[in-house]
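Numbering (the UniProt record's numbering) for the sequence shown: 1 to 382.
Just so you know, not all the hints are guaranteed correct.
Said to hold, decoys possible - With a Cα cut of at most 30 angstroms, we get these calculated DSSO-like pairs of lysine-lysine:
{"#": "1", "residue 1": "K202", "residue 2": "K145"}
{"#": "2", "residue 1": "K145", "residue 2": "K358"}
{"#": "3", "residue 1": "K377", "residue 2": "K122"}
{"#": "4", "residue 1": "K145", "residue 2": "K122"}
{"#": "5", "residue 1": "K377", "residue 2": "K166"}
{"#": "6", "residue 1": "K329", "residue 2": "K145"}
{"#": "7", "residue 1": "K266", "residue 2": "K122"}
{"#": "8", "residue 1": "K358", "residue 2": "K166"}
{"#": "9", "residue 1": "K122", "residue 2": "K166"}
{"#": "10", "residue 1": "K329", "residue 2": "K358"}
{"#": "11", "residue 1": "K202", "residue 2": "K266"}
{"#": "12", "residue 1": "K358", "residue 2": "K266"}
{"#": "13", "residue 1": "K122", "residue 2": "K329"}
{"#": "14", "residue 1": "K122", "residue 2": "K358"}
{"#": "15", "residue 1": "K202", "residue 2": "K377"}
{"#": "16", "residue 1": "K329", "residue 2": "K166"}
{"#": "17", "residue 1": "K329", "residue 2": "K202"}
{"#": "18", "residue 1": "K145", "residue 2": "K166"}
{"#": "19", "residue 1": "K329", "residue 2": "K377"}
{"#": "20", "residue 1": "K266", "residue 2": "K329"}
Claimed, not checked - Cβ pair distances, simulated, as ranges:
{"#": "21", "residue 1": "G378", "residue 2": "I9", "range": "21 to 27 angstroms"}
{"#": "22", "residue 1": "S80", "residue 2": "S118", "range": "35 to 41 angstroms"}
{"#": "23", "residue 1": "D223", "residue 2": "V194", "range": "18 to 24 angstroms"}
For the record, the hints were derived by calculation from the structure and aren't laboratory data.
Ideal Cβ positions, reconstructed from N, Cα and C, are used throughout, including at glycine.
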Amino acid sequence: MTNINAGTILSTVESDTRDLRVTWADGHVSRFHHIWLRDNCRCPSCLHVQTRERIHDTYGIDPNIRPEAVSITDEGHQLSLTWPDGHQTDLPGNWLRLRCYSEAAREERRVRPTLWGSEILKNLPEVQAGDALETDEGLQDFIQKIRDYGLAVVRNLDCTEGMVEKLAGRISYLRQTNYGVGFDVESKPDPNNVAYTAIELKAHTDLANWESPPGIQFLHCLDNSAEGGESVLVDGFAAAEMLRQRDPEAFRLLSEVELPFRFIDKHWDLRWHAPTISLSLQGDFREIRYHAALCAPFDLPHDLVEPVYAALRSFTQILRDPAHEIRLKMGPGDVIVFHNRRVLHGRSAFDPNSGRRKLQGCYVDCDDAWSRLRVLKGENTN
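Could you build the full structure based on these sequences and the hints that come with them?
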């Protein structure tokens, strides 16, 4: 990114009918609308000193407001404006530059995840459990890896039941679902989920049937002595990007057509409709919902049924291509942590008669994790 410290000095400012044109000492040009500048006044009459929340009426601002006087003050470190009612607004240059909304500045601020395929197995984003548990620097590195790659492998977590919840709790509160706060993943005699069997589990995202599926999943290996049971991980964003290039019509359908998902047992009936691939207005990936086991019968217009099946087949071919997945045999003390709405996970079948395979899991929401990361970086102080 641009070195903001070299570009926080205001050089010139010109007032136009609707906005101000600011030229910075490094040559960058920003344009700020008058109404935006008035709305973002930082004085105690407009912004609560403790909560830093607006206390003036944003929607009561005159849409045609224009400052009566504009000047550069504090040796170029501040923009000062006087409004028709006499109100004074002083905006620090560093604050203003960080919030420049030129197309170039907004492009720089876009979060760009690091996409990956099978090659990531040679250099997995790993952290030591002790670092994440005991130091803020280790925790920041841990969350940053999840943010960038959608994946982090934690090594050497104590193989005591409940330790995965302690690790997740370093980030924030745990997300409760119909499986509880924490859950055991092992072969059970009366399963209500195919994860609680020994059969192969195709790569999927969890809880696609929820309005807001959990963001980050933790899976801690306590025992994996059974034959088989390799973990499978796929970067859904990377696969979706390949689909966008390879089969644009399939990509369009999966990003526009909402599919029904449902989970039912004797206590729950959870349903939601959503696209397989969700995008921002800029076309960036927001989330992947892909779980055939939870798909309810498609409730679609007649002429969309076969094209949607074809689009899902096209996406599935990419997701299941060995070039796009990694397989690893977890050992006791390993924890796989991944962005559940980006990275698909699964496992190969295992023989429960040959040994035991037990994982413990839990979830944390992305809102909490990304907030924790920003606070650790000190971003909440600006």
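Going through the hints against the structure:
1. For the given pair, K202 sits about 25 angstroms from K145 by alpha-carbon distance, which is consistent with the 30 angstroms threshold.
2. About 25 angstroms separates the Cα atoms of K145 and K358, which keeps this hinted pair within 30 angstroms; it holds.
3. Among the hinted pairs, K377 with K122 is consistent with the structure: their alpha-carbon atoms are about 29 angstroms apart, no more than 30 angstroms.
4. Only pairs whose Cα atoms come within 30 angstroms are accepted, and K145 paired with K122 is accepted, the gap being roughly 16 angstroms.
5. A distance of roughly 22 angstroms separates the Cα atoms of K377 and K166; the hinted pair therefore holds under the 30 angstroms criterion.
6. Of the supplied pair hints, the one linking K329 and K145 holds, its CA atoms being roughly 21 angstroms apart against a limit of 30 angstroms.
7. A distance of roughly 44 angstroms separates the Cα atoms of K266 and K122; the hinted pair therefore is violated under the 30 angstroms criterion.
8. For the hint pairing K358 with K166, the CA-to-CA distance comes to about 18 angstroms; that is within 30 angstroms, so the pair holds.
9. The hinted pair formed by K122 and K166 meets the criterion: a straight-line CA distance of about 29 angstroms does not exceed 30 angstroms.
10. Between K329 and K358, the direct Cα distance comes to roughly 13 angstroms. Compliance with the 30 angstroms bound is thereby established for this hinted pair.
11. Note on K202 and K266: the hinted pairing holds, with a Cα-Cα distance of about 25 angstroms set against a maximum of 30 angstroms.
12. Between K358 and K266 the CA atoms are separated by roughly 25 angstroms; this keeps the pair inside 30 angstroms, and the hint holds.
13. Using a Cα cut-off of 30 angstroms, the hinted pair K122 and K329 holds, with the two alpha carbons roughly 14 angstroms apart.
14. Taking the CA atoms of K122 and K358, the gap is about 26 angstroms. The hint holds against a cut of 30 angstroms.
15. Between K202 and K377 the alpha-carbon distance is near 37 angstroms, which puts this suggested pair outside the 30 angstroms criterion.
16. With a C-alpha separation of about 23 angstroms, the suggested pairing of K329 with K166 holds against the 30 angstroms cut-off.
17. Using a Cα cut-off of 30 angstroms, the hinted pair K329 and K202 holds, with the two alpha carbons roughly 16 angstroms apart.
18. Between K145 and K166, the direct Cα distance comes to roughly 19 angstroms. Compliance with the 30 angstroms bound is thereby established for this hinted pair.
19. A hinted pair counts as satisfied when its Cα atoms are at most 30 angstroms apart, and K329 with K377 does not qualify at roughly 34 angstroms.
20. The hinted pair formed by K266 and K329 fails the criterion: a straight-line CA distance of about 34 angstroms is larger than 30 angstroms.
21. In this structure the supplied range 21 to 27 angstroms holds for G378 paired with I9, their Cβ-Cβ distance being about 22 angstroms.
22. Between S80 and S118 the beta carbon distance is about 56 angstroms. The supplied range of 35 to 41 angstroms is therefore violated.
23. One distance hint, 18 to 24 angstroms for the beta-carbon pair D223 and V194, holds here, with the actual separation near 20 angstroms.
Violated hints, listed in ascending order, are 7, 15, 19, 20 and 22; each of the other numbered hints is respected by the structure.
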